[in-house]
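*Asks:* One letter stands for each residue in the lines below.
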Amino acid sequence: MITRNTTIEDLVEDYPKSVKYLADKGIRCIKCGEPIWGTLEEACLEKGFTQDAIDNAVNDLNTLHDKGSDHTNPDKLLNIKTIKKSK
Amino acid sequence: MTINIKNVLQNLGLTETNLGVSTGVTWFDTEGKINTSSSPVDGNVIARVKTATLEDYEKVVTKAQEAFKVWRMTPAPIRGEVVRQIGNALREHKDDLGALVSYEMGKIFQEGLGEVQEMIDICDFAVGQSRLINGVALQSERPLHRLSEQYHPLGIVGIVTSYNFPVAVWAWNSALAAIAGDVVIWKPSSKTPLTAIATQKIIQNVLKENNVPEGVFNLVVGRSSVMGDNFLGDKRIPLISVTGSTAVGRRAGKIVGDRLGRALLELGGNNAVIITPEADIQMAVMSTVFGTVGTAGQRCTSTRRVIIHEAVFDQVKNAFVGAYEKLADKIGSPLDEKFLVGPLIDQHAVALFEEAVAKVQQEGGKILFGGQKLEGHGFESGNYVMPCIAEAENHFEIVQEETFAPIVYLIKYSGDVQNAIDIQNDVPQGLSSAIFTLNMREAETFISQTGSDCGIANVNLGTSGAEIGGAFGGEKDTGGGRESGSDAWKVYMRRQTNTINYGAELPLAQGIKFDI
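Chains A and B supply the protein sequences, listed in that same order.
Quick note on numbering: my numbering labels position 70 of the first sequence as 70, and the sequence is numbered without any gaps.
Numbers given in my numbering equal positions in the second sequence, counted from 1, plus 87.
Calculated from the structure, these hints are not laboratory results.
One or more hints might be untrue.
[Said to hold, decoys possible] Now the in silico label distances, taken between C-beta atoms and shown as ranges:
no.	chain 1	residue 1	chain 2	residue 2	range
1	B	Ser501	A	Asp52	37 to 43 angstroms
2	B	Lys341	A	Asp52	25 to 31 angstroms
3	A	Met1	B	Glu118	17 to 23 angstroms
4	B	Arg581	A	Asp52	48 to 54 angstroms
5	B	Val546	A	Met1	42 to 48 angstroms
6	A	Thr63	B	Ala415	37 to 43 angstroms
Just so it is clear, the structure is predicted and the values come from calculations on it, not from any experiment.
Where is the CB? At the ideal position from N, CA and C, for every residue including glycine.
Sequences and hints are given; from them, build the entire structure.
*Replies:* Written out as structure tokens, the structure reads:
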């Protein structure tokens with residue numbers, strides 16, 4: 001279960017869909033290819049989230065995870081355009 | 088050449104599930120989370136790693152403290168001899184470790200070999216340095232007094248490394264720390280734990296044969312919940328070396344600074360190449376392309392910006408696009424030597440690449456080449472992209488950021504070379520820089536006090552691919568640390584000033600009179 005004290009690294013590793021959700025809220029979980037250090041709460045506070053907004057984010061992330069959406073195709077999740085290349 | 092990864096893993100002593108905590112020869116069966124290491128090359132699971140708990144971390148620190156007491160008393164040249172043998176062990180395993188670096192991280196095999204060669208090179212450097220840990224004899228202002236400085240071992244050195252150089256950065260730090268009489272605790276990237284475990288296994292025979300105490304070379308694979316703020320804030324660790332993003336470095340600097348520890352920070356870069364009208368254009372383009380797409384743009388020193396004089400802008404731009412067109416067929420498995428560009432580390436990195444491509448266009452930039460995710464045979468992992476060239480302006484928000492992917496911004500300048508230097512310096516980061524010119528005045532201006540504000544400033548070669556002989560590091564948001572060659576060894580030691588009175592009088596400094 002995701003809480004305020006869940007580290008960003010754990011979110012990235014265990015709940016990868018969180019990355020896109022948080023990016024949309026202005027929190028970049030990955031920098032230089034590595035997860036930033038610190039907790040979800042710290043990252044939210046740094047971006048000026050209110051306490052209510054943090055609670056909402058925690059709830060949203062748990063809902064996202066409960067839906068099992070972390071196991072869906074990450075391409076779809078990230079809305080990545082692709083080009084096909086045959087070799 | 089075909090690389091059989093199963094053989095590579097076997098040769099390196101890796102199994103399906105591996106222990107991730109070691110104090111040298113001893114490995115600990117830990118109960119932390121089990122991490123899975125997957126290859127960015129094909130998306131396959133390579134192996135699993137049992138990570139550390141806080142209790143395991145404590146055990147390691149205790150062992151390291153004990154070991155330091157012994158290791159600091161071992162003569163430096165004897166410590167150097169151990170490092171020499173580590174270098175030789177790495178030579179013996181260069182192909183296998185290079186292949187694993189390539190498979191776990193995604194850089195091409197040639198760069199994997201190069202990374203192991205860097206480890207060997209720094210070992211060689213450290214061996215020599217082990218006989219050159221020299222102090223300074225100074226002149227005392229007082230008669231019959233001798234003033235001098237000497238260097239002593241510091242203690243435990245914490246090393247946090249990143250996935251893009253999963254083993255070389257450990258070697259830069261630990262080879263010097265070891266000859267300095269320090270002991271090290273290594274927290275490798277969670278993305279590349281297997282190369283770290285393989286390295287520890289390679290060196291363990293050397294440690295055993297030389298009776299190196301348990302606790303000199305420690306490895307702790309653990310998430311930041313176990314090896315995070317507690318590690319940075321641990322007063323038992325006088326020096327923490329962090330290679331990573333500016334965000335991680337800022338956090339580390341704050342935590343280590345709060346306890347008045349020492350932090351060696353090697354953080355992000357936003358490296359630029361300046362191409363003046365007096366450059367050898369062909370040489371400039373060929374060299375710069377390696378800087379932009381080498382390691383798929385995932386080096387701290389990757390070239391992010393190319394600042395080109397308006398008189399040669401179109402010529403350079405066309406040459407760049409031409410070179411990238413040739414590269415388009417050379418993207419693929421890094422283990423296949425016909426390819427020159429491998430994958431990004433994961434799909435998050437791909438997403439950030441695509442975000443940068445979109446953002447530069449939103450800000451008014453123009454894509455000149457590439458920028459797409461690749462799909463199809465050989466690209467099933469979803470981590471491959473077509474390197475991107477964009478025409479942009481330096482003030483764009485996205486240009487000011489470091490995007491850890493193969494996207495390069497071409498920026499036009501006019502007038503004097505100082506204008507180009509001003510543009511180059513106008514970013515938060517200050518790691519590496521380069522100028523291509525055959526004009527001595529331009530070259531000298533670039534490396535002068537009014538020139539590049541970066542830690543590395545090259546003339547007629549690119550921003551990446553530093554040798555180990557020079558000190559490596561940068562200024563501003565890059566963190567200010569220096570590691571590897573030159574006198575970087577000093578950061579791993581504590582300096583002590585000694586004044587010895589061999590006379591019968593007690594003169595005070597500054598001529599102060601204090602007669603009782």
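*Asks:* When the structure is checked against the list of hints, which entries are broken? Sort them ascending.
*Replies:* When the structure is compared with the hints, numbers 1 and 5 turn out to be violated.
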